[in-house]
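S.K.: Listed in order, the protein sequences are those of chains D and S.
Okay, so the first sequence: first residue is 1 according to this note's numbering, each after it adds one.
Okay, so the second sequence: first residue is 1001 according to this note's numbering, each after it adds one.
The hints are simulated quantities; they were obtained by calculation from the structure and are not laboratory data.
Take the hints with a grain of salt, since some may be wrong.
[As the list claims (entries may be wrong)] Only some residues are given here: those of chain S computed to face chain D with a beta carbon under 7 angstroms:
#1 Phe-1023
#2 Asn-1088
#3 Ile-1092
Every residue, glycine too, gets a C-beta built ideally from N, C-alpha and C.
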Amino acid sequence: MSIILSTIFFPLIGFFLLTILKDFLNKKILFFIGLFTLFISFLTSLFSFYYFYKFKKAFFVFNIWNLISIDNFKFNISFLLDELSLSMLIMITGIGVLIYFFSYWYMYLEEEIIKFFSYINLFISSMSILVLSDNFLLTYFGWESVGICSYLLVSFYNENIKNIFYSMKSFLISKISDIFFLISILLIYHCFNTFNIHEISNFLISEKVHKNLFLIKLICIFLLLSSISKSAQFPFHTWLPCAMVGPTPASALIHSATMVTAGVYLISRSKDIFLVYDQIFYLICCVSSFSIILGSMSSIFNKNIKKILAYSTISQIGYMFLSIGVKSWSCAIFHLISHAIFKSLIFISTCYIVLYNKNEQNIFKMNFIKKKNSLVYFSFLIGLLSLMSFPIISLGFYSKGEILFKILESKNYFFFFTAFLGSIFTTIYSYRLMFYILFSKKNYFKKKLYENFFHDIPTLILMFFSTFLGIFIIPNLSSFFSEHFKINNFYIILEFLFSFFVSFTMLIYYLLIKKKFFLKKLYFLKCLHNCLEKIFKQDLYFKNFYSKLENLYNFFSYFLYKDIFKFFIKFIFYIVRFINKLILKFHSGNLKLYILTFFLVSTSFYTLIIFI
Amino acid sequence: MISIFYCFILSVLIFSLGVFIFFIKNNLFLMLIGLEIMLNACLLLFIVSGNYWNDANGQIIYIFIITSSAAEVCVSLSLLLKFYKINNTLNINLLSELKK
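Model the full structure from these sequences, guided by the hints.
M.R.: This is the structure we're talking about:
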């Protein structure tokens, strides 16, 4: 059963093949090589899923390679198969294949398309390492390489210097997460003498942890900081809107399947450590509810379609964190996978719409004609309906409804209120996108686009699963996280209320904004709107703070970059050069100076002889 | 009777005067004069010390040295004359060939 290896190594082989053969073969063959390797990894992950359910066991561990073994310190490259890692793996490889397939349609005119494909292969391979590894050190390896891949993908259009700065910003801010993760790994080794996840949980169950309680608290805080920075939550969220300068399929991959979900995965993977320190869940709740409100508000008042989607990702990831905060892990993973499906659908449709409008990204200047592109129309519509969790027919309704129910069940009424408010905001910005793009009757730009096979297939598949049919493919993880989930009357009432509010907001939004029903008369509302627009339009708040942080980072990196030994070597060099210059003065060819030196030296020599 | 100490000081003063001339002047002829002054300051010391010890050896050495120095001056003066005929100058900085 080392077939699981091919899930990781086939994309890696694809990456190497694409980089080596880039100059020798033509684009089509290289594209099929990359697609083939990714597809094999997807098939093997499906097969391992089948295998896993055939031999019913809690988890499988495959020890591949014993890398380091010194006394007690052991570092194995070994992979862990359980329900969590398998469902994440299938999501990553599946959506990776679809987006890879799609990006051939989107970027076939691009010069360096093969570079892009090789980065995607590397990205998926490193993300599978991150998901599958059974010890924290290997997870850290995947964690770092995911960051690098996202940096490479974001800085793909590197002719523009601004894009490079944005990609550097996003790289640096997510680099903070790597540092915190490294510190927490070192602390974990200090506490438990192992990196292995199962050994740590066994240790936590069997032995008394009161001795190391302070250290475990520190570990929790550092792990939380690293995961909120990777998943773009409140204090470290500014990298995600900056990362939108890359190609849209790359942002689809980053937003839906790979990088931002890594934080949620990390917390669910190390949940036994978190359960020791109970107060941290309250902190998670606070951070996530704040980022839900912040993300959804910012996306209401933004004009750029890609930025709207980025802020919406922040708020949706916030829901997953909130669900973790009330200790319902399975709901978080459920929402993660459903979000991956519908967000990648939205991004794929956005690719088409932005291309159709000649790269115009301002939603007030975009338009869309239904008759010619009915497939894109419906895919965008279904994606947005799923994002706003439209009742009954959409996938997002079920996942978000469960999260809301769980929050209410845990009696955190304040967080329930913020989550509910956030979902209403989500509805507002989704309707806003819908009204301005799908239902507008303006005519600005038009560009003839040809849909082909490469565009239609991924869109159709994702569209199919973004409806309520999607709940059948998402595995139920409540047994894995040992939770109980009962559907009672209360749940049904909540769902009704939720769907009522979602529909009601549509009407209100339509009347208020579209028809300008009240807005003309009520000056106060307009003022409020303008004020909020100013606040949430951009991340001006944190710009200052982040620039300071970046400066600090630059200072430290400069400090580390400076070699101390270099200074000593240079010091010696300076002394030698000084003496050399001094001696060169006597070698000037000035005869009088020679005589003077001779005289001075001889007289001083004789004086010394006389007096000593 | 003049103390030997005064004579010492006189000879040192004359000697340092010679050194001073030797280093200040750029003309080779004047430098030669400086050298001669130094030599004579040394010889003065010989005579003074010979008188102090009531010994004739000091004066004998003086005669030897002054003869050899006369020969030396002859040689160097002829050299200087040759220099002047070739280069038309006696400036030591211009005559120096080390700078090139």
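S.K.: All hints are to be evaluated individually against the structure, with a verdict given for each.
M.R.: Going down the list of hints, with the structure as the test:
Residue-level restraint check for Phe-1023 of chain S holds (minimum Cβ-Cβ distance to chain D is 6 angstroms; threshold 7 angstroms). Because the beta carbon of Asn-1088 of chain S sits about 18 angstroms from the nearest beta carbon in chain D, more than 7 angstroms, this interface hint is broken. The criterion of a C-beta within 7 angstroms of any C-beta in chain D is met by Ile-1092 of chain S, whose closest approach is roughly 6 angstroms, and the hint holds.
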